[in-house]
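Engineer: Chains as they are written, first to last, in the numbering used here: chain A, 91 to 204; chain B, 3 to 111.
Keep in mind that the hints are not guaranteed to be accurate.
Unchecked claim - Partial chain A-side listing against chain B, Cβ under 10 angstroms, derived:
no., residue
1, 92
2, 109
3, 134
4, 192
Claimed, not checked - Where chain A lies over chain B, by a calculated footprint (3+ residues, C-beta under 8 angstroms):
no., region
5, 37 to 49
6, 67 to 79
FYI, nobody ran anything at the bench for these hints, they're computed from the structure. Keep in mind it's a predicted model, so treat the numbers as computed, not measured. C-beta atoms are modelled at their ideal positions from N, C-alpha and C, and glycine is treated no differently.
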Amino acid sequence: ETGVTQSPTHLIKTRGQQVTLRCSSQSGHNTVSWYQQALGQGPQFIFQYYREEENGRGNFPPRFSGLQFPNYSSELNVNALELDDSALYLCASTWTSGPQETQYFGPGTRLLVL
Amino acid sequence: SQQGEEDPQALSIQEGENATMNCSYKTSINNLQWYRQNSGRGLVHLILIRSNEREKHSGRLRVTLDTSKKSSSLLITASRAADTASYFCAPSGTDKLIFGTGTRLQVFP
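Same shape as in the complex, but just chain A (with noise of 0.2 angstroms):
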């Protein structure tokens, strides 16, 4: 066990919709990362939050947006929901924004889009 939650584990949402997903991170980890996983495809970044604020993006678009909350708890929103955004969505937390330390997943949020 990580001690890194996440809710729900499984989602299921038509095309132009929005949704919410939850992380909860370990005490102490002030940083989460965000991960898009396709079907057989490696996990994608999307960003990272450092004490709340936003610490690096990946190639996705605005309409993907995070918060950070001081009680290690963290979102990922996603607006306009797209067929495509169909995947598992993993947090990851550590407790640095350096150079990549060992991150702690989630067992990760599997997002379905009709």
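Could you slot chain B onto chain A? The hints should help.
Structural biologist: Frame of chain A; chain B shown alone:
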């Protein structure tokens, strides 16, 4: 950003055999990490090797790093059916971890 490329894409072996997976990358790194992912689940950190290290062991795992060739290998000795999973390398510079498509390992009983 850095991305690791794992090779082979898929590997099938019998229980008890050794499994070797390779990772190549393109630019300089501070460390390189290996992760395992069981089907549809989160990634589990296996081992981190720093750029000034050449070899590291953890239980049945042995990781090597050759910074001159920009490559790393993960060896799992005496494999078990429970080792069946996808394995990803993540080279890390000063930027975020970027994952490749992984090696899918199947261990048959």
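Engineer: For this structure, which hints from the list above don't hold up?
Structural biologist: As far as the earlier hints go, 2 and 6 are violated by this structure, in ascending order.
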